[in-house]
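A.B. asks: Using this note's numbering, you'd call the opening residue of the sequence shown number 1 and step up by one each time.
I should point out that these hints are in silico values taken from the structure, not numbers from a laboratory. Mixed in with the good hints, there may be bad ones.
Stated by the list, open to error - Below, a list of computed lysine-lysine pairs in the DSS-like style, where the Cα atoms sit at most 30 Å apart:
no., residue 1, residue 2
1, Lys-59, Lys-49
2, Lys-94, Lys-59
3, Lys-61, Lys-51
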Amino acid sequence: MNFFTGYRLLLSLLALSLLLFTTTCSAKLLRVTMFNGRLRTAAMTVHCKSKINDLGPRKLKPAEEFQFEAEASTLYSCEFWLNEEESHLFDIYKPSRDKSVIHGIEISPCLDFLL
Numbered sequence: 001m002n003f004f005t006g007y008r009l010l011l012s013l014l015a016l017s018l019l020l021f022t023t024t025c026s027a028k029l030l031r032v033t034m035f036n037g038r039l040r041t042a043a044m045t046v047h048c049k050s051k052i053n054d055l056g057p058r059k060l061k062p063a064e065e066f067q068f069e070a071e072a073s074t075l076y077s078c079e080f081w082l083n084e085e086e087s088h089l090f091d092i093y094k095p096s097r098d099k100s101v102i103h104g105i106e107i108s109p110c111l112d113f114l115l
């Protein structure tokens with residue numbers, strides 16, 4: 001895979017307008033919300049887990065969201081499937097990186113038309 005293909009793949013994933021919003025619910029808990037903002041395409045599948053807790057795969061239709069609460073000291077990774085052949089794995093919440101930070105990341109769905 002060349003650089004531009006990988007870069008375009010990453011931009012395509014971001015253009016899906018996945019809304020990741022992490023807020024602290026208390027000193028020890030946080031809430032993670034993922035929103036499928038894909039405009040023209042079918043559902044995507046997300047599977048989040050930590051070393052201890054596997055939340056299982058969830059299918060999100062466009063405009064649907066998935067929320068979960070997690071301990072603020074736990075690493076959570078999520079794998080996203082755009083189709084059956086293409087998936088991407090991200091550390092959604094990493095305590096050493098995200099501790100005491102409120103995130104609100106939203107990519108405009110208009111970017112989907114630019115790719």
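A.B. asks: So, for every hint listed, does it hold in this structure?
C.D. replies: Cross-check of the supplied hints:
Annotation: proposed proximity of Lys-59 to Lys-49 holds, straight-line Cα distance about 15 Å (limit 30 Å). A hinted pair counts as satisfied when its Cα atoms are at most 30 Å apart, and Lys-94 with Lys-59 qualifies at roughly 23 Å. Proximity of Lys-61 to Lys-51 is assessed by CA-CA distance (about 27 Å); at most 30 Å being required, the pair is judged to hold.
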